[in-house]
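Q: As a plain string of letters, each chain reads:
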Amino acid sequence: MTDSAFRVLLVEDNDDHAELIRRILGEHQRAPQIVHISDGESALDYLYRRGTWNDPDQSPRPHVILLDLRLPRVDGLEVLTSIKQSSELRHIPVIVLTSSSADSDVSRAYNAYANSYLVKPFGFEEFRSLMRDVGVYWLTHNKLAVV
Amino acid sequence: MRTALKFVFAKMKSFPSRLHPATCPSQVQYVVCGSMSLCRKMVHFLRRFAQPPHFDDEEQTRIAQTQHLLLVVCLTIALFAAGANALLQRPIPTTALLSCSGVLFISFLLLQTRRVRLSIIVLLGTIIMLTASLQFIGHGAHDTVTSLYATMIVIGSLLLDRRSFIGLVVATLLVIAGIVTAEARGLTRSPYEGDFGDWFDLALILGLTAFTSRLLSESLERSRARARANEQALAQQTEALRLSEERYRILAANLPDSAVLIFDHNLRYVLADGPELAATGYLKEKIEGRTLYEVVSSSFAEQVEGNIRAVLSGRRFSAELPFRDRIYVCHYIPLIDDCGAVKYAMVLLHNVTAQRQAEANLRASEAQLRMLAENMGDAIMQLDSHLNVVYVSPSVRRVLECEPEDVAGKHIAALVSPDDAPAVATAIEEARESGASAIRVEYRFRNSQQMCIWLESEIRLLYDAQQRFEGAILSTRDVTRRKEVEAERERLIAELEQKNAELERFTYTVSHDLKSPLITIQGFLGYLEQDIRNGDTDRALSDIRRISAAARRMEHLLRDLLELSRIGRVSAEPQTVPFNMIVQDALELIAGRIAERQARITVAPDMPAVYGDRRRLAEVVQNLVDNAIKFCDNQTVPEIEIGVHAVSDNDVVFFVRDNGVGIDPRYHDQIFGLFNKLDPQSEGTGVGLTIVRRITEVHGGRVWVESAGRGAGATFFFSLPTTHTQQHGVGHDRQRIQSIAGGR
Numbered sequence: 001m002t003d004s005a006f007r008v009l010l011v012e013d014n015d016d017h018a019e020l021i022r023r024i025l026g027e028h029q030r031a032p033q034i035v036h037i038s039d040g041e042s043a044l045d046y047l048y049r050r051g052t053w054n055d056p057d058q059s060p061r062p063h064v065i066l067l068d069l070r071l072p073r074v075d076g077l078e079v080l081t082s083i084k085q086s087s088e089l090r091h092i093p094v095i096v097l098t099s100s101s102a103d104s105d106v107s108r109a110y111n112a113y114a115n116s117y118l119v120k121p122f123g124f125e126e127f128r129s130l131m132r133d134v135g136v137y138w139l140t141h142n143k144l145a146v147v
Numbered sequence: 001m002r003t004a005l006k007f008v009f010a011k012m013k014s015f016p017s018r019l020h021p022a023t024c025p026s027q028v029q030y031v032v033c034g035s036m037s038l039c040r041k042m043v044h045f046l047r048r049f050a051q052p053p054h055f056d057d058e059e060q061t062r063i064a065q066t067q068h069l070l071l072v073v074c075l076t077i078a079l080f081a082a083g084a085n086a087l088l089q090r091p092i093p094t095t096a097l098l099s100c101s102g103v104l105f106i107s108f109l110l111l112q113t114r115r116v117r118l119s120i121i122v123l124l125g126t127i128i129m130l131t132a133s134l135q136f137i138g139h140g141a142h143d144t145v146t147s148l149y150a151t152m153i154v155i156g157s158l159l160l161d162r163r164s165f166i167g168l169v170v171a172t173l174l175v176i177a178g179i180v181t182a183e184a185r186g187l188t189r190s191p192y193e194g195d196f197g198d199w200f201d202l203a204l205i206l207g208l209t210a211f212t213s214r215l216l217s218e219s220l221e222r223s224r225a226r227a228r229a230n231e232q233a234l235a236q237q238t239e240a241l242r243l244s245e246e247r248y249r250i251l252a253a254n255l256p257d258s259a260v261l262i263f264d265h266n267l268r269y270v271l272a273d274g275p276e277l278a279a280t281g282y283l284k285e286k287i288e289g290r291t292l293y294e295v296v297s298s299s300f301a302e303q304v305e306g307n308i309r310a311v312l313s314g315r316r317f318s319a320e321l322p323f324r325d326r327i328y329v330c331h332y333i334p335l336i337d338d339c340g341a342v343k344y345a346m347v348l349l350h351n352v353t354a355q356r357q358a359e360a361n362l363r364a365s366e367a368q369l370r371m372l373a374e375n376m377g378d379a380i381m382q383l384d385s386h387l388n389v390v391y392v393s394p395s396v397r398r399v400l401e402c403e404p405e406d407v408a409g410k411h412i413a414a415l416v417s418p419d420d421a422p423a424v425a426t427a428i429e430e431a432r433e434s435g436a437s438a439i440r441v442e443y444r445f446r447n448s449q450q451m452c453i454w455l456e457s458e459i460r461l462l463y464d465a466q467q468r469f470e471g472a473i474l475s476t477r478d479v480t481r482r483k484e485v486e487a488e489r490e491r492l493i494a495e496l497e498q499k500n501a502e503l504e505r506f507t508y509t510v511s512h513d514l515k516s517p518l519i520t521i522q523g524f525l526g527y528l529e530q531d532i533r534n535g536d537t538d539r540a541l542s543d544i545r546r547i548s549a550a551a552r553r554m555e556h557l558l559r560d561l562l563e564l565s566r567i568g569r570v571s572a573e574p575q576t577v578p579f580n581m582i583v584q585d586a587l588e589l590i591a592g593r594i595a596e597r598q599a600r601i602t603v604a605p606d607m608p609a610v611y612g613d614r615r616r617l618a619e620v621v622q623n624l625v626d627n628a629i630k631f632c633d634n635q636t637v638p639e640i641e642i643g644v645h646a647v648s649d650n651d652v653v654f655f656v657r658d659n660g661v662g663i664d665p666r667y668h669d670q671i672f673g674l675f676n677k678l679d680p681q682s683e684g685t686g687v688g689l690t691i692v693r694r695i696t697e698v699h700g701g702r703v704w705v706e707s708a709g710r711g712a713g714a715t716f717f718f719s720l721p722t723t724h725t726q727q728h729g730v731g732h733d734r735q736r737i738q739s740i741a742g743g744r
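For the record, the sequence lines run as chains A and B. Take the first sequence: its position 84, counting from 1, is numbered 84 in our numbering, and each next residue is one higher. Take the second sequence: its position 266, counting from 1, is numbered 266 in our numbering, and each next residue is one higher.
Keep in mind the hints are simulated off the structure, nothing from the lab. Just so it is clear, CB atoms sit at the ideal spot from N, CA and C, and this is done for glycine as well. Some hints here could point you the wrong way.
[Unchecked claim] Just the calculated beta-carbon pair ranges, DEER-fashion:
#, chain 1, residue 1, chain 2, residue 2, range
1, A, Asp103, B, Gln467, 51 to 59 Å
2, B, Val637, A, His141, 55 to 63 Å
3, B, Gln498, A, Lys84, 25 to 33 Å
4, A, Ser86, B, Gln498, 43 to 51 Å
5, A, Phe122, B, Gly535, 37 to 45 Å
6, B, Ser542, A, Arg90, 32 to 40 Å
7, B, Arg600, A, Glu126, 49 to 57 Å
8, B, Arg505, A, Ser86, 26 to 34 Å
9, B, Arg600, A, Arg90, 36 to 44 Å
10, B, Arg482, A, Gly51, 37 to 45 Å
Using the sequences and the accompanying hints, generate a full structural model.
A: Next comes the structure, spelled out in structure tokens:
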């Protein structure tokens, strides 16, 4: 765990999906360091460094957050709202990655200042293509804020 | 003489009135014409001269006429006597007679110059002088001419007033006395040998004659005056009668829509006039003077004869009389003369056809309005400018269920419940200020049975020409039922909206949760292919396990969804079942798991019976007990208690208490959501509590959880009905669940 590593916080309740994402992003030339958390409450604990995550060394700030909307305990939208309301966290790009393509979810997410909204595709190639693009864009091209 | 004069006049008139050579063929004829014209003028003068003068005073005229006649007679006698004297050589000198004629002519001239009194005096004076002269030259007082005094006295009594007459008589007696005296002295031609006794006799005779003739004359005068007065009175009466009739006629002719008929005792029209007479085609000229039977049909005459006879017998009354297409009001009035007897019967007819028609129309219109007001669905009220009820329709009985008398006269505020009165008053006030013509208000009203009903009033505001508020018309109807329906509709809409939102969440959740395993399968299939190509057996096996788990998970989801959709479907007829039996059913279904974890389950004895679907209710208990075991630490022996929390009239609240991990109060609502799992790693799809909630709701009950938090255990409560009255909701929800299942 070095400072130079690109950190992605993956908040995803489905372990299988998390594994798929981890594998595809791992194929990137600049493979990121992925922290997987499977429920909303734990994600907020990590970000606010509460409970088991109270040690800042154990919970470094991610560069990008990949957030599922349907999460146990605390809903993904609540997590997003909380991040964007926090002066410490709001600069971190939050990419909503969910299986829902409902318009209401898309608008709710953007209204809560989501930086991007991606729908999980069905096919393997499509899924891999999307995640590669995410890697290229967010890991290579996108310029992040320096805090 | 008059006849002769008239004859001459007639002849004169046949000649041309103007002389002109052109109109006269010869000179002779011209001379004749001129002479005739002269003669005519003379005759005209004579004619005027021969006639006595005329005075305004009738008495004066009469005296002048009598005097004129006397003069003509005397003059004729005098001239005749003078002629005869001259021929017969009588002792009376002709000159005397001629001079007497001259004096008479003077008297005549005086009369013609309208000096009647002087003319009489001259005449009488002449007669006295003439008589005295004749006596003097004759046989004195014994001469026959003495009788002329008597004639003169008779003439004087006719022509003179009383004083002058007395003077005349005295003068006559004095003249006779003078004659007698002269005779006695022997101054006359034949001396008198008698004494004054003869004079007394004469005086007595003449005095008696004077008295008698004067008496006669005055009596005649009085008779004449009386006759004249009578004549005048008659003339006045006639004039008065004429004027009276004239007035009647003017009145009759100008009374609008009227006619006046006056009948005598023979039912003869004395007077008939008026615009109505002409309007019915009768001419007054053809009616007046004829009898009733001659003018109208005998049947109609018979009809009205009784009435006219009644008037003629003195009755006075009014009656209505239809005639052809008209209706008359007849006033029968007896006309009474001075003696109090009925002289005529007057019938004053007034055409009231239009009035009757208008009255009939008004009655019909009134009846129609009344019928409308009484049969309208709405109660109609009229308010004055102070908002007091001045009219209320009988339909108020039906609408407000109170008597019109209870409402009339009251202020509008008294008809509105106190809660709504300020709002209604404000609405009317605002409408008045803004000049609005109509507003609609809804308010509550407590009727005579003290039932609160909802009323709706359409208020039409009335203003006068100056835009001042005059009052209002209220049309009020009972909208209680509509209000109930509206409330019911609102409730249903809210319920529907809630269900819709629920359905949306359900669909969303289902689509999301069903997609997830498919993405997993697709994704790892892709990697599996890669692994096989790369010969990475370990990862291939791992991928296959993931694919298999996802497929299984998919199967469970579908199974649970199917299960959820079946809730409410009739598996068995609802029945009343002791709750202990339901618990027993449930525990038998999960006996394996209970045994596996050695869970200790305590069930309260003799719990109340509930009404519902026995199998579904067992599922509730089964799920709750299953959860209680599942969310219990592996190191802890599950202890589960089932019992009754509360009992009310219609339902019972049961509980299932455990000593498990407990639930953070933040998630107490969330856990009942479809596929909601607090712990993603826990087994199951997260549909169990959703099924529990659905089943209790379908039975008209509800479910909730109480737990202090993690490690504190949890108690699930659920209410169920004890009687089938609550079952009413089951049908609804059953349909709803079926429709959801069908919709998918």
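Q: Against each hint, give a clear statement of whether it holds in the structure.
A: Now the hints, each set against the structure:
1. Asp103(A) / Gln467(B): 51 to 59 Å: 56 Å, holds
2. Val637(B) / His141(A): 55 to 63 Å: Given about 58 Å between the Cβ atoms, the range holds.
3. Gln498(B) / Lys84(A): 25 to 33 Å: 30 Å, holds
4. Ser86(A) / Gln498(B): 43 to 51 Å: Taking Cβ atoms as reference, Ser86(A) and Gln498(B) lie about 34 Å apart, which means the hint is violated.
5. Phe122(A) / Gly535(B): 37 to 45 Å: 27 Å, violated
6. Ser542(B) / Arg90(A): 32 to 40 Å: 38 Å, holds
7. Arg600(B) / Glu126(A): 49 to 57 Å: Between Arg600(B) and Glu126(A), where Cβ atoms are some 52 Å apart, the hint holds.
8. Arg505(B) / Ser86(A): 26 to 34 Å: 28 Å, holds
9. Arg600(B) / Arg90(A): 36 to 44 Å: 52 Å Cβ-Cβ, so the 36 to 44 Å window is violated.
10. Arg482(B) / Gly51(A): 37 to 45 Å: 59 Å, violated
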